[in-house]
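Could you build all of it, start to finish, from the sequences and the hints given here?
Heads up: the sequence shown runs through residues 1 to 370, numbered per the working numbering.
Derived by calculation from the structure, the hints in this document are not laboratory data.
Take the hints with a grain of salt, since some may be wrong.
Label pairs and their in silico Cβ distance ranges [claimed, not checked]:
hint, residue 1, residue 2, range
1, GLY143, VAL258, 54 to 60 angstroms
2, ALA305, HIS254, 52 to 58 angstroms
3, ASP312, LEU242, 34 to 40 angstroms
4, ARG39, ALA305, 50 to 56 angstroms
5, ARG24, HIS80, 28 to 34 angstroms
6, PRO144, ALA305, 53 to 59 angstroms
7, LEU315, ALA192, 25 to 31 angstroms
8, ALA127, ARG24, 17 to 23 angstroms
9, ALA127, SER48, 17 to 23 angstroms
10, THR172, HIS254, 34 to 40 angstroms
11, PRO144, GLU274, 41 to 47 angstroms
12, SER159, HIS316, 29 to 35 angstroms
13, ASP56, ARG24, 20 to 26 angstroms
From the three backbone atoms N, C-alpha and C, an ideal C-beta is built for every residue, glycine too.
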Amino acid sequence: MIRTAAVVGTGLIGTSAGLALSRRGVHVHLLDTDESAARVAAARGAGSVGPPDGPDGPVDLAVLAVPPGAVARVLAQQQHRGLARAYTDVASVKAPTALAVAHGTPQPRSFVGGHPMAGSERSGPLAARADLFEDRPWILTPGPETCPGALNRVLAAVSLCGAVPVVMDPHTHDRTVALVSHAPHLVASLMAARLADASGEAIRLAGRGIRDVIRVAGGDPGLWTDIVRANAPAIVEILEALTKDLEALTRALHALEVSPGTEGAEDALASLGELLARGRDGWAAVHRPGGAGTVGAVTLTVPLAGRPGEVDRLLHAAEESGIGAQDIRLSWSGASTELSASLAASRITAESVRRRLADDGWRVSVATAP
Numbered sequence: 001m002i003r004t005a006a007v008v009g010t011g012l013i014g015t016s017a018g019l020a021l022s023r024r025g026v027h028v029h030l031l032d033t034d035e036s037a038a039r040v041a042a043a044r045g046a047g048s049v050g051p052p053d054g055p056d057g058p059v060d061l062a063v064l065a066v067p068p069g070a071v072a073r074v075l076a077q078q079q080h081r082g083l084a085r086a087y088t089d090v091a092s093v094k095a096p097t098a099l100a101v102a103h104g105t106p107q108p109r110s111f112v113g114g115h116p117m118a119g120s121e122r123s124g125p126l127a128a129r130a131d132l133f134e135d136r137p138w139i140l141t142p143g144p145e146t147c148p149g150a151l152n153r154v155l156a157a158v159s160l161c162g163a164v165p166v167v168m169d170p171h172t173h174d175r176t177v178a179l180v181s182h183a184p185h186l187v188a189s190l191m192a193a194r195l196a197d198a199s200g201e202a203i204r205l206a207g208r209g210i211r212d213v214i215r216v217a218g219g220d221p222g223l224w225t226d227i228v229r230a231n232a233p234a235i236v237e238i239l240e241a242l243t244k245d246l247e248a249l250t251r252a253l254h255a256l257e258v259s260p261g262t263e264g265a266e267d268a269l270a271s272l273g274e275l276l277a278r279g280r281d282g283w284a285a286v287h288r289p290g291g292a293g294t295v296g297a298v299t300l301t302v303p304l305a306g307r308p309g310e311v312d313r314l315l316h317a318a319e320e321s322g323i324g325a326q327d328i329r330l331s332w333s334g335a336s337t338e339l340s341a342s343l344a345a346s347r348i349t350a351e352s353v354r355r356r357l358a359d360d361g362w363r364v365s366v367a368t369a370p
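Here's what the structure looks like:
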């Protein structure tokens, strides 16, 4: 159990952590080199801004919400100060930090690496939300020297924030987030850069598709420069594989342009179709976790009375819960009079979806695949 905490760095993640902990009764102290950011976070209810040297006496836990390259330095400063009994961070790169902490901080036993898998293309305390971490994975990377007391305090904080703790090796973490976060951010930025000098007519035609593709490119360039620098080796592997796919795609498109109707064009069309099919498979792996062959899938079944507008209302409620129309199946039983909707979800998200639908008045039953 933690009763007091300190958040060092009051950007999106730090302020969101302060909001989540404060609403669960934890007394949170806010520290930031940018005093105005700390005061904005305090005004939003994330905690209180104390003296520059921090609170009197150590708090139970300090959350270091600073860029990856600053974690070890800030940790050493706060440990010398005696800010907390245990420390964690929220940076999205873990292996370099683990090495720096092990060899460059006075008390590596009191530190647990952490990374909540939640965020936004927006930044700063005004973008923070108390529910940002709810039902989201929160990766922890304790080292062999980590003491049980520190790990327990961090686990308590993760629970208070409503997140799901996942313990990983730092190197495994960095390779994983390179694939699902860091490389996609760079690809989105590259595509967004193509639009920087686009004509006004082209921008006016930009719809939801392109906005979805480039959404994360709105992140803070300074922060992302630090993230990419820290995880460059893992990101390079992803981008090199992507480069091969792009080269194959480019060759296929050139063949279609230069030799239409030939055997080479047919091969190019087959290559293009294979690439698009692989893309569809990857999309399904993320968006349809309850599809066939997925271990640990959960099906939520909602009975419908067949009233006008009822299906549309369910579709809207499901979308608000993170379930798209492609993950919903309607079925009839009896003499085609009993209608029900089956929603596919993962084990991680199913309970959150069930609660949100129940709050909207839907009667939901849950079945878990073996």
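>> Please list, smallest to largest, the hint numbers that this structure does not respect.
In response: none
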